[in-house]
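Chemist: Starting from the structure of chain A, add chains B, C and D where the hints point.
What follows is each chain in one-letter form.
There are 4 protein chains.
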Amino acid sequence: MDFAPDARTAELTAQVRAFVDEHVLPAEPVLDAQLAATPDDWSPRPVVRELQAAARTQGLWNLFLPGTGPAGERGAGLTNLQYAPLAELTGRSPRLAPAAFNCAAPDTGNMELLAHFGTPAQRRDWLDPLLDARIRSAFCMTEPGVASSDASQIGTRIRRDGDALVITGRKWWSTGAMNPGAALLVVMGKTDPDAPRHRQQSMVLVPRDTPGVTVVRPLTVFGYDDRDHGGHAEIAFDDVRVPAANLLGGEGDGFAVAQARLGPGRIHHCMRALGMAERALELAAGRARERSTFGRPLAEQGVVREWVATSRVEVEALRLLVLKTAWLMDTVGNRQAMREIQAIKIAVPRAVQAILDRVMQLFGAAGLSGDQPLAEMFAAARATRLADGPDEVHLSSLGKAELRP
Amino acid sequence: MDFAPDARTAELTAQVRAFVDEHVLPAEPVLDAQLAATPDDWSPRPVVRELQAAARTQGLWNLFLPGTGPAGERGAGLTNLQYAPLAELTGRSPRLAPAAFNCAAPDTGNMELLAHFGTPAQRRDWLDPLLDARIRSAFCMTEPGVASSDASQIGTRIRRDGDALVITGRKWWSTGAMNPGAALLVVMGKTDPDAPRHRQQSMVLVPRDTPGVTVVRPLTVFGYDDRDHGGHAEIAFDDVRVPAANLLGGEGDGFAVAQARLGPGRIHHCMRALGMAERALELAAGRARERSTFGRPLAEQGVVREWVATSRVEVEALRLLVLKTAWLMDTVGNRQAMREIQAIKIAVPRAVQAILDRVMQLFGAAGLSGDQPLAEMFAAARATRLADGPDEVHLSSLGKAELRP
Amino acid sequence: MDFAPDARTAELTAQVRAFVDEHVLPAEPVLDAQLAATPDDWSPRPVVRELQAAARTQGLWNLFLPGTGPAGERGAGLTNLQYAPLAELTGRSPRLAPAAFNCAAPDTGNMELLAHFGTPAQRRDWLDPLLDARIRSAFCMTEPGVASSDASQIGTRIRRDGDALVITGRKWWSTGAMNPGAALLVVMGKTDPDAPRHRQQSMVLVPRDTPGVTVVRPLTVFGYDDRDHGGHAEIAFDDVRVPAANLLGGEGDGFAVAQARLGPGRIHHCMRALGMAERALELAAGRARERSTFGRPLAEQGVVREWVATSRVEVEALRLLVLKTAWLMDTVGNRQAMREIQAIKIAVPRAVQAILDRVMQLFGAAGLSGDQPLAEMFAAARATRLADGPDEVHLSSLGKAELRP
Amino acid sequence: MDFAPDARTAELTAQVRAFVDEHVLPAEPVLDAQLAATPDDWSPRPVVRELQAAARTQGLWNLFLPGTGPAGERGAGLTNLQYAPLAELTGRSPRLAPAAFNCAAPDTGNMELLAHFGTPAQRRDWLDPLLDARIRSAFCMTEPGVASSDASQIGTRIRRDGDALVITGRKWWSTGAMNPGAALLVVMGKTDPDAPRHRQQSMVLVPRDTPGVTVVRPLTVFGYDDRDHGGHAEIAFDDVRVPAANLLGGEGDGFAVAQARLGPGRIHHCMRALGMAERALELAAGRARERSTFGRPLAEQGVVREWVATSRVEVEALRLLVLKTAWLMDTVGNRQAMREIQAIKIAVPRAVQAILDRVMQLFGAAGLSGDQPLAEMFAAARATRLADGPDEVHLSSLGKAELRP
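Protein chains in written order, with the UniProt record's numbering: chain A, 1 to 405; chain B, 1 to 405; chain C, 1 to 405; chain D, 1 to 405.
Chain A on its own, in the form it takes in the complex:
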């Protein structure tokens, strides 16, 4: 057992940290200004392109993509354990840093699927432009009206019609899909409702401009439309016709494909959430040193010290659990690491939400406003407790496993 990072991780961590400090954090007010200047636009703002160019120059690009598999040469070739501290650092500026390194959800998950399950043609058509950040993408799984954690409830139908697949259904919470540049929609639907529970679903690649695709409306999270990363769309699919070659994986593989995506997706969420907590604690420390009430700096007040100490302990313990989970994914595989993935998915967002709540309290009303990144991070952490299955599904599954003889 050894808790020291390897040399490559240490080097990349220093490099990414410097990039975030020197390029990304100063770009935050620029993003705000660009968003305010064109309030109706759902496209990425120019500052994102500039950061991407700078990151790419430094070789900080597609860090998330494992080095194995057909597209391995395009990624940084890092293990999950090596990528973890880098992903955490991107969480310090969640609106800009993940995109700057082309490591933003949902594109990362979609790129992993294409790298793993895609045909050469699919990789050429979609993976290459995604790896170049020429296009963005969305993942269309969640549906209004059903509990998405229960895959058997999916209502979208995909039926074969000769060489075509015809998709009918309604999706929502398709993150990124308000962005007109999100050229690819990865859609999950049922090809065979009579098959066994986990063989009913298939995954299909749908170009955004296919007839029958209608982006109905944007959804908000608390009051945020998350316009900077393409928002969250409700999308109608009315007899949307794509070639059968657009199937990602085989027919009936949809559930397995989705599962393959969720493991890394969940751990990335957790890593970034820890980065949000670290950013918040930095802000808290600054605030506590500068602000006084009733004649004493906040930093000398016992309650503030307890908040900060408690938060620090939670972050340290949970980071180790995330790292161990990454190590398990690397050494025994995602499936064998399922219980640990569930554990961090439950514990990290919950803890980070509580930490952000404390730090907002320290900032007073400013902490709830757009003057600090805290409330928007809070909304993101809160949403993570529901994304990819609500906590309760994971708690129940984990508890069941624990109680098995």
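In short, the hints are calculated from the structure, not lab data. Fair warning: this is a prediction, and the values are worked out from it, not measured in the lab. We put the CB at the ideal spot given by N, CA and C, even for glycine. Some hints here could point you the wrong way.
[As the list claims (entries may be wrong)] Cβ-to-Cβ under 8 Å is the rule here; a few derived chain B residues that face chain A: (1) SER149; (2) ASP150; (3) TRP173; (4) THR220; (5) VAL221; (6) ARG289; (7) THR293; (8) ALA383.
Modeler: For chains B, C and D alone, coordinates are given in the frame of chain A:
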């Protein structure tokens, strides 16, 4: 000791409940549509005027205004204890119901101040149109850069220049002030920085259109601009000149005037927060009966039952504490009820925030979106933990009192 | 609605408070010394008798017994609402005060049953000596090996044999039964396992010295044997034969009789638990004023103030819920007050446990020892979360009721 | 970074686990019987000697003692990281397993001090018999009446009188000291009250039978006298005279010596506490599978699954933090690991207390009794939140460090 409401309370409660159910709740989607139709407008929407007209016809108007004092005949003449359940009912639809009955903050507090401290001319010029809902108002106390819970830190200066008062400073979180119809700004500033700590401040009535008043920008709370009730403004006062007759109360009375406003303001916040919790629990019950996961309705799942039961117990206990506080304010006065006012100010928003968090979890991502009122209520409850002093100031004060020999 | 106690309550509260302060609290070290002097004895100690004599002289006797019913003239004739603050005061010294006023569980519940369901002969033989504190009693419901909250699982059998009832089974957690002076055992068993679920059980009066009754062993709660009030016994009933006239209520009434006992029993537990919290807060205040760490009295430390303030708010809110529950029991009856009884049963012990935990922390290791009453109170509060059904049964039932359309 | 244990750790872990399962757990009822048979005896029971003999035969002896230093050859020569999982396993049976391997507090800490600071004569006289378990020892630091976390408050005086040291003062919570076989008392007192704050104290070795030493009384923790490991004593030192050669370390080194002891002591506490949590979770799983209420096994009830899952996640995260702390102690030293030591000291006992509370609830009243080890473990975990400084001292110190610029 008797826990039954008196006859007038019972009757008004039934009437207000019916009005909210029949008029206000159905108006919520209308408000959404009107807000979406004119996204840049900060004025109240037509649906508010219609609800006000209907409520006034039924005599459900200015329910908050105590029957005593010079303007008593204009209010409903209710005690705090009688008003409590009515205020709670308005919390079930916080964007519309308080305004419908002309019982919305910050106007209620401003009207109380004018009724209590205003000269006949001040009452004629400002209280009468407020009681008629012809104008709205804002309260300008909080300042950027200082801890507002510590009145000695206020930076805004009010200096006398002959028969005029000249105000210079900067305020923010002036709720309602983005609304161009908020004709009156009640501004707290320092008239004498050398006076004893609580005699340095004065309160002055500033017409919104006075030269030197600049509404700088709107602030957001968790992404919400709260446009429906006039938002939250940052306002600059640059050599703003008003007649000395605009002083509300005497010179040096500012702190006392502000305190007079805070007691009722805090209990009203708590009452409405309980109404939000009740609305959330109603929504939760509906959701839990209708939605199933893994083959069982949520209503039959133990964890959901615990959430609902725990929430119910918290609401019942805290409502009684709010009612007792109202009774104390009525019987021994606001000052003698200070510890109870602090107690509910601490406990109620915190509990309601937790309840809303649970109910959002029950609704999945929809619970965080604009499709349900939960996230916006959450933001409101969260803000209440900072408004009128953060929890920690009240906890410290209450703890200090408790530990006194 | 009126939160002021009536005149009789105010008077009795003052009288009981004075008695506890002047007689009971000073007797606590006497009890400790008497317990240490005869460590193997399970009988009440002399100091209890002395306190009983003093209380009886002052007319503070059988305060718990409602004034209605056949034995009403023997009790103080108080409503639940009137008794509540008195019961709370006895919680300040839980080992001595309830017994001093002949208001100690389980005798109170047994006396209520005898008063309500007993025949004149049963009342003469058992109720009269209990009301005089000449004997004590135990209630034998809980059984090892089954979930006692589920009455259908009861394993003790009562079969008729001519004019006799023959009881076979095993009970535990029979509080008070280690005391050789506990002359009466009230035993619940099944007379007809084939009857409908809640008609299978009957309740029978068993003199302690009946052949076949074996007190197997004492149980401990944490490390306490609760010797001062007769401990908690495991009891074997082997073909125990009593006259059929010893049936309390009719055959098959056992469940209903038990339920009748539980409502008042639960509220009394909650009242006393609040008294424990008040005692703890008094001790906390003294400690915080006297003890300094790192140069500052604990009373000036923010964290300590928050603990005390939070505890105070919880106590105030929950006391009101207990009082309202008492009022409902008085006005609409125990059955109609079932949800409120469940609510306090859930919320009060849990809050009091948390308060005691905080106060123990304030006292350091002394707080866990026999030098302070805190740890023993903690054990009692913790046990209350299981007595008469674990919290989870009540939460589930309350949640189910709340989610009903 | 690597989360796999090294080969020696893996091997020893398997060996210790097997020993605990095969020898120690079956010995628990034997211990109970031996304690019941001689209730007034404070000596270790025969079963402890037997387990020690068996463990020693297997080479599982003095596992805690680092391999470096003058007495290194007597210990197992493990790093903190290697010892951690072994210490955890001993926590599964805290009354027997630590003693079985001669790894029980406070002897471990005392042996480390003797190994590190002792003269050859001191090591021969005291360390050798301790390493052989021929004697036991106590550590006398805490005093009644002062906050022990503040070393400057220590009241015990040690004055030089020629070649002798004369000790006067009163100690309590001297764990193990009721055992007549605890031949050595390690006593901290002030040699120079005028020296700088952390140079006032010295540590001295006092044979138990020295005239002037009076064991005043045993203290209890939640009713437990902890007789099995020598209880907790209050001890009076009245002009106790020992040779000056009994000074452990130099004059004025007392604070530094105590600190040297506390780091390992704290981490050992945390390791064992995690073992208690694991034992509790095993018991919980068994109970949940076997017990049904209202027709369903507890293991299928959502609330129970959440308890178990939440507990599992806490244990996994905190174990990693403990292991990382051990690794830091091994690699950068105890002083550099101070913040991590504080972090686990705060977080682990608190979490384990909560876990034990949940499992007790699952067991019903049996969980609070002596029939299960849960309540006694709860008392131990609760006490750990105060031992070696209350949580609040560590939280404040950690928060202060975190807020430093």
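Chemist: Do the numbers back the hint for ALA383 (chain B), that is, is its least Cβ distance to chain A under 8 Å?
Modeler: Interface hint status for ALA383 (chain B): holds (6 Å vs cutoff 8 Å).
Chemist: Go through the hint on THR220 (chain B) and say holds or violated, using the shortest Cβ distance to chain A against 8 Å.
Modeler: 5 Å, holds
Chemist: Please verify that hint: ASP150 (chain B), Cβ, nearest Cβ of chain A, below 8 Å or not.
Modeler: 5 Å, holds
Chemist: Would the hint on SER149 (chain B) be counted as holding, given a Cβ-Cβ threshold of 8 Å to chain A?
Modeler: 7 Å, holds
Chemist: Hint check: is the beta carbon of VAL221 (chain B) less than 8 Å from a beta carbon of chain A?
Modeler: Constraint on VAL221 (chain B) satisfied, holds at 5 Å.
Chemist: Return the status of the interface hint for TRP173 (chain B): holds when the least beta-carbon distance to chain A is below 8 Å, violated otherwise.
Modeler: Status holds, d = 5 Å.
Chemist: Using Cβ atoms only, decide whether THR293 (chain B) comes closer than 8 Å to chain A, and label the hint accordingly.
Modeler: This interface hint holds because 4 Å falls under the 8 Å limit.
Chemist: Would the hint on ARG289 (chain B) be counted as holding, given a Cβ-Cβ threshold of 8 Å to chain A?
Modeler: The hint is violated - ARG289 (chain B) has no Cβ within 8 Å of chain A, the shortest such distance being about 14 Å.
The earlier numbered hint that this structure contradicts is number 6, and it is the only one.
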